[in-house]
Amino acid sequence: MIETREITKSFGNKAVLRGVSLSVQNGETLVVLGRSGCGKSVILKHLIGLIKPDSGEVFVDGEPVTGLAERELTSVRRKIGMLFQSAALFDSMSVEENLAFPLQEQGIRDLKVINERVAEALEMVDLPGEQKKAPSDLSGGMRKRVGLARTIIGKPRCILYDEPTTGLDPITSDSINHLIRRLQRRLGVTSIVVTHDMKTAFHCADRVAFLHEGRVHFFGTPDEMRASKDTEIMNFIEGHSGDTDT
Amino acid sequence: MQNILTKIGRAALAILAYIGEVAQLAMESFLSIFSMHVRWRLVMRHIVEIGARSQIVVIVTGAFTGAVFSAQLYFQLQRLGMASTVGSVTAVAMFRELGPALAGLMVAGRVGASIAAEIGTMKVTEQVDALRSIGVHPVDYLVVPRVAAMMISMPLLVAECCAFSVLSANYVALKVLGIAEAGYMRNLIFYVDLFDIYKALIKGFVFGLIIVFVACREGLRTENGAAGVGRAPTEAVVISSLAILAVNFILTFALNIIFPAS
Numbered sequence: 001m002i003e004t005r006e007i008t009k010s011f012g013n014k015a016v017l018r019g020v021s022l023s024v025q026n027g028e029t030l031v032v033l034g035r036s037g038c039g040k041s042v043i044l045k046h047l048i049g050l051i052k053p054d055s056g057e058v059f060v061d062g063e064p065v066t067g068l069a070e071r072e073l074t075s076v077r078r079k080i081g082m083l084f085q086s087a088a089l090f091d092s093m094s095v096e097e098n099l100a101f102p103l104q105e106q107g108i109r110d111l112k113v114i115n116e117r118v119a120e121a122l123e124m125v126d127l128p129g130e131q132k133k134a135p136s137d138l139s140g141g142m143r144k145r146v147g148l149a150r151t152i153i154g155k156p157r158c159i160l161y162d163e164p165t166t167g168l169d170p171i172t173s174d175s176i177n178h179l180i181r182r183l184q185r186r187l188g189v190t191s192i193v194v195t196h197d198m199k200t201a202f203h204c205a206d207r208v209a210f211l212h213e214g215r216v217h218f219f220g221t222p223d224e225m226r227a228s229k230d231t232e233i234m235n236f237i238e239g240h241s242g243d244t245d246t
Numbered sequence: 001m002q003n004i005l006t007k008i009g010r011a012a013l014a015i016l017a018y019i020g021e022v023a024q025l026a027m028e029s030f031l032s033i034f035s036m037h038v039r040w041r042l043v044m045r046h047i048v049e050i051g052a053r054s055q056i057v058v059i060v061t062g063a064f065t066g067a068v069f070s071a072q073l074y075f076q077l078q079r080l081g082m083a084s085t086v087g088s089v090t091a092v093a094m095f096r097e098l099g100p101a102l103a104g105l106m107v108a109g110r111v112g113a114s115i116a117a118e119i120g121t122m123k124v125t126e127q128v129d130a131l132r133s134i135g136v137h138p139v140d141y142l143v144v145p146r147v148a149a150m151m152i153s154m155p156l157l158v159a160e161c162c163a164f165s166v167l168s169a170n171y172v173a174l175k176v177l178g179i180a181e182a183g184y185m186r187n188l189i190f191y192v193d194l195f196d197i198y199k200a201l202i203k204g205f206v207f208g209l210i211i212v213f214v215a216c217r218e219g220l221r222t223e224n225g226a227a228g229v230g231r232a233p234t235e236a237v238v239i240s241s242l243a244i245l246a247v248n249f250i251l252t253f254a255l256n257i258i259f260p261a262s
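These protein sequence lines are chains D and A, in that order. Numbered as in our numbering, the first sequence ends at 246 without a single skipped number. Numbered as in our numbering, the second sequence ends at 262 without a single skipped number.
Hints are computed from structural coordinates only; laboratory data are not their basis. If you're wondering where the values come from, they're calculated on a predicted model, not measured in any experiment. For every residue, glycine included, the Cβ atom is placed at its ideal position computed from N, Cα and C. Do not take every clue at face value.
[Unchecked claim] Which residues of chain A face chain D? A few of them, derived with a C-beta cut under 10 angstroms, are:
| no. | residue |
| --- | --- |
| 1 | Gln2 |
| 2 | Leu16 |
| 3 | Ile19 |
| 4 | Glu21 |
| 5 | Gln24 |
| 6 | Met27 |
| 7 | Ala113 |
| 8 | Ser114 |
| 9 | Glu118 |
| 10 | Thr125 |
| 11 | Gln127 |
| 12 | Asp129 |
| 13 | Leu131 |
| 14 | Arg132 |
| 15 | Val136 |
| 16 | Pro138 |
[Said to hold, decoys possible] Under the rule of at most 25 angstroms between Cα atoms (straight-line distance), these lysine to aspartate or glutamate pairs were calculated in the DMTMM-like manner:
| no. | chain 1 | residue 1 | chain 2 | residue 2 |
| --- | --- | --- | --- | --- |
| 17 | D | Lys14 | D | Asp61 |
| 18 | D | Lys132 | A | Glu223 |
| 19 | D | Lys79 | D | Asp206 |
| 20 | D | Lys132 | D | Asp110 |
| 21 | D | Lys133 | A | Glu49 |
| 22 | D | Lys133 | A | Glu223 |
| 23 | D | Lys14 | A | Glu97 |
| 24 | D | Lys155 | A | Glu21 |
| 25 | D | Lys79 | D | Glu123 |
| 26 | D | Lys52 | A | Glu21 |
| 27 | D | Lys14 | A | Glu223 |
| 28 | D | Lys52 | A | Glu49 |
| 29 | D | Lys133 | A | Glu28 |
| 30 | D | Lys229 | A | Glu97 |
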C-alpha cells in the first residue's frame, strides 16, 4: 500500500536520509527503529507529503505522491492519519472540537453524527466522557490518546505513529502499546510506528526496519531482529553506547 | 570595496526574496478567497480580535495626536494671524498621512505581533503539520480568515483614528485655545474634501494587508522552538512597521495622481 523508493533528504549540509526504500503491506504493522535524529520522523512526514524528498519517490496505493501540490495531497491525507510526537492537539479547541474538526473538514455537518463519532473515538482510546476538557487539562498519556482518537475518527486506512510512547511512564507506554495493537486488529488498518522504544517495537511489529546512517540497515521480523548478530542491531537492542565511565 | 558591494548585493537579494515570499503568500490567499475557501465563522472571530479589540488603541492614538498637533499648530500660526487654519491643517495631515500611518503602526504592534506569535506557536508545536495531515491547507485556515478580517477592520480603524483626531483637535482649538469657531469651521470644510477620506481608507486597507501578510509569513516560517516563537512577533512588528513607512511614501505620490490635492 505504501512504498518509498530510494528517498534522500538533507537539511542544510546534513544528509538525513541517504536512499531509504521501504514497503508496507495492507493491514501490517511496520515499526521503524533507529537512534534519535536518524531520520525516522522525517520518513513518516514524507509519506503524507509534509516534507518533499530531495530525490526518490513515495507511492500510496501505487500512485506517486511526491510531485503532488499541497491541495492535491488532500485525498492521500484522508487515507492516512498521523499521530504526532507531541500529539499536536489544537490548543484553542476542546477535546470534542479537536475530534470534530476532521469530520467537519470532510463535510459532515450533522451534529448528531459528529457527536456519536466523537464519543465512539474517545471510547476506543479509553477516554469516554472527556469531550469538554481543554488540551491543557490533559496529561501526556491522555494527550496522546486524544491525538490518536483524532487520527482514527476520519477512518483512515493507515495510521502513522511518531514516537507514540516518548515521554510517557512505563505503565502508560504499555497501555499505548496495547492500544496500537488493539486498534490495528479492530480497525484492520495498516500501521507504521516510529520509535526507539524496543518494548513498543517487539509488542506492535509485524516487521521491523532499522535505520542507521540514513539507510535501512535491517528489514525483517522482530524474531529475525532478536536473532541478528549484527553489532549495530545488538547494541541498539541492548542499549550499549560503547562509552565507559572513565 | 568589493566586500561592501557584495554585502549590499546580498542584502538587496534578501529583501527581494522576502518580498517574493510575502507576495506568494498573498497570491495563495487571494486565490483561496476567490475559490470561496473562506471560513466566515473564523473571519468573524478575527474581526473581534483584530478590529474590535484594537479600537481603544487607535482611538487614543488618534485623539492625542490630533490634540497635540492642533496645539502645536496654534502656537506657530497664531503669531501669523492664521489660527483659523489650525483645524484644516490638522485634518488634512491626519487624513492624508498621520491617521493611516499611526493606526497602521499601532495595529502592527498589537495585532501583527499576536498573529505571528499564535501561528508561530502552532508551527513549532506541529499544529500546522497536524492541520496539513488532516487535509486542511494552512493558508485557508490560518491566513485567509485573518486577511479577510483585516481587510474589513483596518479601514474602519483608520476612519476612527482620523475622526477622533479631528474631534480632539476641534475641542483643543475651540474650547481650550479659544479660536473663533466660524473661521475655523469654514477652513475645515473648505480644505478637507472627500478625496482625503478616500486616501485615508485606501492607505489603511493597504497597511492592513502588509501587517497581516508579514505577520502570517513570520508565523508560518517560525523554527527553533521557544526562541523562534520569541523572535517571530518582533520580526513581524519591525518589518511591517518599516514596510508601512516605506509604502506610505510611495502611496502618497500614487494617490496624489489618482486623487489630486485640491
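Exercise. Given the proposed pairing of Lys52 (chain D) with Glu49 (chain A), does the C-alpha separation stay at or below 25 angstroms?
Worked result: Judged against 25 angstroms, a Cα distance of about 35 angstroms means the pair is violated.
Problem set entry | Met27 (chain A) as an interface hint toward chain D, with CB separation required under 10 angstroms | violated (14 angstroms)
For this session: Identify whether the interface hint at Glu21 (chain A) stands, where standing means a beta carbon of chain D within less than 10 angstroms of its own.
Result: Violated, because the Cβ-Cβ distance from Glu21 (chain A) to chain D comes to roughly 15 angstroms (cut-off 10 angstroms).
Problem set entry | Distance restraint between Lys132 (chain D) and Glu223 (chain A), which requires alpha-carbon spacing of 25 angstroms or less | Since the Cα atoms of Lys132 (chain D) and Glu223 (chain A) sit roughly 31 angstroms apart, the hinted pair is violated (cutoff 25 angstroms).
Exercise. When you check the alpha-carbon spacing of Lys229 (chain D) and Glu97 (chain A), does it fall within 25 angstroms?
Worked result: violated (77 angstroms)
Problem set entry | Hint check: 10 angstroms Cβ-Cβ cutoff, Pro138 (chain A) to chain D | holds (9 angstroms)
Exercise. Are the Cα positions of Lys133 (chain D) and Glu49 (chain A) separated by 25 angstroms at most?
Worked result: Given that 25 angstroms is the threshold and the Cα spacing comes to 24 angstroms, the pair holds.
For this session: Closer than 10 angstroms between Cβ atoms is the bar; does Val136 (chain A) clear it against chain D? Give me holds or violated.
Result: holds (6 angstroms)
Problem set entry | Pairwise hint evaluation, Glu123 (chain D) against Lys79 (chain D), where the allowed Cα distance is 25 angstroms at most | holds (22 angstroms)
For this session: So, Glu118 (chain A) near chain D? Judge it on the closest CB pair being under 10 angstroms.
Result: Holds. Min distance 8 angstroms.
Problem set entry | Satisfaction of the Leu16 (chain A) interface hint, Cβ to chain D closer than 10 angstroms | For Leu16 (chain A), the interface hint is violated, since the closest Cβ of chain D sits about 22 angstroms away, which is over 10 angstroms.
Exercise. Is the Cα-Cα distance between Lys132 (chain D) and Asp110 (chain D) 25 angstroms or less?
Worked result: holds (19 angstroms)
Checked against the numbered hints given earlier, this structure breaks hints 1, 2, 3, 4, 5, 6, 7, 8, 17, 18, 22, 23, 24, 28, 29 and 30; the rest are met.
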